Amino acid sequence: MAFTIYICLVPVAIVMYFYMYPKNWKTKNRILGVNNRKEFKEGNAAEFIDILNAAHRKQALVITVGIVIVSTIILFIPEMFVKMIASTLFVYVALILLAIPYALGNAEMKRYKKNLGILSENNIYADLKTVGSIHALNKPLLIVLNIIGLLILAAAVLIDTGVIPVSFAIFKGTFMVSTLILAFEFTNLILFPISFMVDNSRNEVICEDSNVNANYNRAKKKIFADMMILSTIINTAFSLICLLAFKFISSEMSSVLLVILYMFMLFGVIILFCSKKKKLEEKYSEYQGNLVEDDDDNWILGIFYYNPKDKKLNVEKRVGVGWTVNMAHPAGKILTVILALTVVGSLLSMVWIGLMGFTPIRIIEKDDSLICHQLWDEYTIKTNDILSVSSGDLSTLHAVRVAGTGMDNVAKGNFNVNDGEKCKFFLNPKVGKYIRIETSDQIYYISADTLEETEALLEHLQ
Amino acid sequence: MIIKINEYSDVPIYMQIRNQIVMGISSGELEAGEQLPTVRALSSEIGINTMTVSKAYQILKSEGYILTDRKNGARVRTEINQSKTLGSQNTEELKRIVSEARLSGISKEEFENIINEMWGN
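From first to last, the protein sequence lines stand for chains Y and E.
Each residue of the first sequence is one higher than the one before, starting from 0 at the first, in numbering that gives the first Met the number 0.
Each residue of the second sequence is one higher than the one before, starting from 0 at the first, in numbering that gives the first Met the number 0.
Okay, chain Y solo, but in the shape it has when bound (with noise of 0.2 Å):
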């Protein structure tokens, strides 16, 4: 998971990094998140953001080796979860301290912008020959893929759930290959709403010509269109290939390498995407700056739309490629709280595999009774129920988790071992050793937080 993250988060600080603060301001049509102007490129002005710009470009750059150092640097922490942990919070961080120079990069072009005289006037444009009339999403082609995704996902259930009499070649009696279907088929239904909404977005007006103005915002929606496309064909591949290669490959590796090759894909589509939107904006740079739709301060930190009187819910982002909502909607109010509460939601997971990480496992003996405790989880095993005891090397039980943890130092829940004998498992792997307990109605696979504790409760089992 670390290395997925690694994966992620370099070339995305890399690629934030040029879009945020590129060295050639004066081509872009915005600087630090404010509008550019015909103003801004002469004189005195010129000269003042040239020096603002340098300055926080200086300091994004510092952050950005910073990130890929530091990122690197967690790769080697030994300790799973911690790896686990810091490669998840630093995302967080990265993020925030890679917007910080923008930010204030932001406020300070907003003030100077004052100090010019310039002020807002709130004006908003539109061409009449554009409006509505623009399209380029190829939407019969997204619909028969996401038809053709959804069909490969019943197919996974209907053979998980044995309704199809075949079985896959890993993963046995879990719904691992089904659930890596469904996150593929999950994207391409996040992707399927968003492609509509862009195709229908508003149309930017960047000079007095109705045909380049249609002729921009068509190539605009034409390569957005296209990366939604390839990026479904993308997730409807891989869940086929999900489908096929699991029956034949019995490797749990493959299931990581397919992932890693998936996230590649994905990167190959927005490096993609990016240079295709850079070109265009370089083809037509000679009329940015022309027509300015003053909306500054909609912007807070040059980052978050927050426009009240504006009813669209999508607007094209500042920072960084695609688009973004207008927080001050009531959609866009919702998502911005499913929002928040994931960024939560992935903080509390990780202080919940931090206290996993850190209490160790107990097996106590109370009342006739064998209780495994760790935090909130407990097992009681009766001890007249218990038919028979034995033990063994982990390394020879092939385990799959189907409904657990499974960590570094703990591995509890419902796994499925040796092709397929389902039992419970409260034990540390790091103990190396098991203590196979066969009651009535469950088998338990079990050890103590150490060897010696391990060994000692095996003896007096037995």
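Just so you know, the hints here were simulated from the structure itself, not pulled from any lab data.
Nothing here was measured: the structure is a model prediction, and the numbers come from that model.
Wrong hints could be hidden among the right ones.
[To be verified] Selected chain Y positions facing chain E (Cβ under 8 Å, derived; list incomplete):
| no. | residue |
| --- | --- |
| 1 | 120 |
| 2 | 121 |
| 3 | 127 |
| 4 | 128 |
| 5 | 201 |
| 6 | 202 |
| 7 | 204 |
| 8 | 209 |
| 9 | 308 |
[What the hints assert, rightly or not] Residues of chain Y clear of chain E, computed beta-carbon distances all greater than 12 Å:
| no. | residue |
| --- | --- |
| 10 | 10 |
| 11 | 89 |
| 12 | 154 |
| 13 | 359 |
Glycine residues also receive a C-beta, built at the ideal position from the N, C-alpha and C atoms.
Dock chain E against chain Y, hints included.
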């Protein structure tokens, strides 16, 4: 044709839309019979309520500049009824503009030049 909406203006948004479409028809930027965007598309593009655009279209229709029907949406009229007179409201407005021009020291010739430039060929 580009329309510009100023949210801070004293002129209501529906009147800004109406005025600019009239100017567009007059200047030839909007040709006779040309299709106008639907109420929903234009309101979504500008980020305003559909009722505002609908009101602007209703006024344009009642003034005889556009035609609307369910099948074809809104179109610029091919033949606009020419009354050959300036309405009383516009006459009053013109009177105010001429007065202000005179007070600001603009000569009649200069004023006529401005009008000729606006009028076009």
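Going through the hints against the structure:
1. 120: Because about 6 Å separates residue 120(Y) from the closest Cβ in chain E, which is inside the 8 Å limit, the hint holds.
2. 121: holds, 4 Å
3. 127: Holds - the Cβ of residue 127(Y) comes within 8 Å of chain E, reaching about 5 Å at its closest.
4. 128: holds, 7 Å
5. 201: holds, 5 Å
6. 202: Check passed: Cβ of residue 202(Y) comes within 7 Å of chain E, closer than 8 Å.
7. 204: Result: holds, 6 Å to nearest chain E Cβ.
8. 209: At about 7 Å, which falls below the 8 Å cut-off, the nearest Cβ of chain E leaves the hint on residue 209(Y) intact, so it holds.
9. 308: holds, 6 Å
10. 10: holds, 34 Å
11. 89: With a cut-off of 12 Å, residue 89(Y) remains clear of chain E, as the shortest Cβ separation is near 38 Å.
12. 154: Check passes; 39 Å lies beyond 12 Å.
13. 359: For residue 359(Y), whose nearest Cβ neighbour in chain E is about 58 Å away, the distance exceeds 12 Å, so it holds.
Checked against the numbered hints given earlier, this structure breaks none of them.
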